[in-house]
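*Asks:* Each chain, letter by letter, is given below.
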Amino acid sequence: MGTTATTATHEGGADELVIAGQKFSSRLIMGTGGAPSLEVLDQALAASGTELTTVAMRRLDPWQRGSVLDVLRARGIQVLPNTAGCFTAGEAVLTAKLAREALGTNWVKLEVISDERTLLPDPIETFDAAERLVADGFVVLPYIGDDPALARRLEQAGCAAVMPLGAPIGSGLGIRNPHNIELIVEAASVPVVLDAGIGTASDAALAMELGCDAVLLATAVTRAQHPELMAAAMRAAVEAGRLARLAGRIPRRRHAQASSPMTP
Amino acid sequence: MVGLSTAWRLAGRGLRVAVADPAPGSGASHAAAGMLAPVSEVSYTEEPLLRLGLDSLARWPAFAAELSDESGLGLDLRRDGTLDVAFGADDLALLGELGAFMEKLGLRVERLTGRECRRIEPMLAPSVRGGLLAPEDSWVDPRRVVRALLAALDGRGVPVLRERAAELTAAGDRAAGVRLADGRTLAAEHVVLATGAWAGPGGVTRGGLAGVPPGVLPPVRPVKGQIMRLRSPEPLLGHCVRGTVHGSPVYLVPRGDGELVLGATQEELAFDTRVTAGGLWELLRDARELVPGITELEVAETIAGLRPGTPDNLPLIGRTALPGLLLAAGHHRGGVLLAPLTAETVAGLVAGDGPALPSCSPTRFENVEETAP
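Order-wise, the sequence lines are chains A and B. Counting from 1, position 253 in the first sequence corresponds to residue 253 in full-length UniProt numbering; the numbering is continuous, with no gaps. Counting from 1, position 79 in the second sequence corresponds to residue 79 in full-length UniProt numbering; the numbering is continuous, with no gaps.
Okay, the calculated beta carbon distance ranges per label pair:
#1 A:176 <-> B:51: 40 to 46 Å
#2 B:93 <-> A:250: 33 to 39 Å
#3 A:252 <-> B:111: 42 to 48 Å
#4 B:169 <-> A:236: 51 to 57 Å
#5 A:97 <-> B:97: 38 to 44 Å
Residues on chain A that point at chain B, a partial pick, calculated with CB under 7 Å:
#6 59
#7 64
#8 67
Since the hints were derived computationally from the structure, they do not count as laboratory data. Don't be surprised by glycine CBs; every beta carbon is placed ideally from N, CA and C.
All chains should be built: construct the whole structure from the sequences, respecting the hints.
*Replies:* Structure follows, in structure tokens:
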């Protein structure tokens, strides 16, 4: 695919996220699920500064006027269709093709879940669908567990990014296995997007400090008591976490080290 | 129901009214469960909608009593409260937070343990962990209300023309009436558009009212809801019961005649009204978790209706930028609840002696013109 993770530094000018050759100045990818109204969603998206937002294509008529898609278009936010609700590779491929036809985009967030209780991604169906979609010319961003081996295989299969979860969808449990996320980041040469599990701003900041290239979240904002305020918090957290990653954190020490000389 | 209620209240003011509707009461109110539940439906960011709902709920008893008297028909208005229940620890925690939010808003709710829930509602699953009772929430049978409104309008000599209003007619810069699909015209000083999901610009090509100048109609989108009616020899429940099952909301509304309404999906599928296997399965899956006994009941009906959604979930009640044209639409999930408030507000505006509802103004959106001075 010729896709590489962004390697910009603070010296290199704009620190952009690059997915499949396309540049984004925001590293916060939003989802739309769970918003109480389109107006609240619109305010939250504006506050988040997002340039890319994912929309579930099942149970959505892409030609409907005044829909969530119109909210995104009015803000100039790129739509990333997703295959939420699919249990098999077959359903996911079909949904992606319908989305491509309807929205005129070959980008897809691939999501194939294994069961309704955990909503955890099914690795085998996901890989199967990813192979078929890549072969069909899609830009595929697969939602996966925090499995470094699977992430590597999906990259080799031609996916434009990998999107490991921090914790199950909607759980707000944060990043349960930061070590695995670091392992995925170390090995990846496509962007790593932390997807699912974010509960509050510090979770998003941690994802970026671990080296993720972007964060995708929905529920943490749309179901917050004040969605617009939480969206602003997430924007700031992603930016702060990214800066901290670029700045390079100090090593952890067991004992104190004075920041200025103790004696004159 | 919103349109017929408005016509009834306008007639009650002594105004000359005519209704144009090819099939009165066949829209969202035909599918609706009829919950009058502003307290249990409250959600974060939607306090203005709550206040409207409480206002209209307070009007319902008098509205129903008057309508029953006038029509001689019962409405099955029940004022027994909504019981919102939770199963897993996660759902219970969510309900606990919602209860705190309700109390902060000054709403009366009672927190019940699982056993207390089952004492007042014995058909609930033993796994219920706890609940919130909103004792003032109520419900009504919307189809009975529609029948009563039609009877009351008939009694008052209000013509209900079984024909679609195809086009607005104008005189200068004022609405002057409508042209019906069969070519007849009705002249009127005021036109009240109450066409639900068809009231916005997107509805015009789907059978909505043509001829309204651009920029006058606010955005309305259809939000599909699938709903199922079951029938039991005896009422299974004494309250309106709702719950969140693994994050997915469902409600059960019992009627006096043994009907039990299960609802409802929320789908953004334009004007599609097909009943789907997945929609019904989700309703049954979740409702069965709450009340296992429902699987023994007869399926009386499955239906899908279109709620008229607005960008901020608030209805469109009042004057538009075109003098003489008013709206009573966009009630989303709350048309039955908000019918008395809507009808009485519009009647007051047309008669010239009632206050407007600023939060519901049809001109509140960008790209929609303000009322001409």
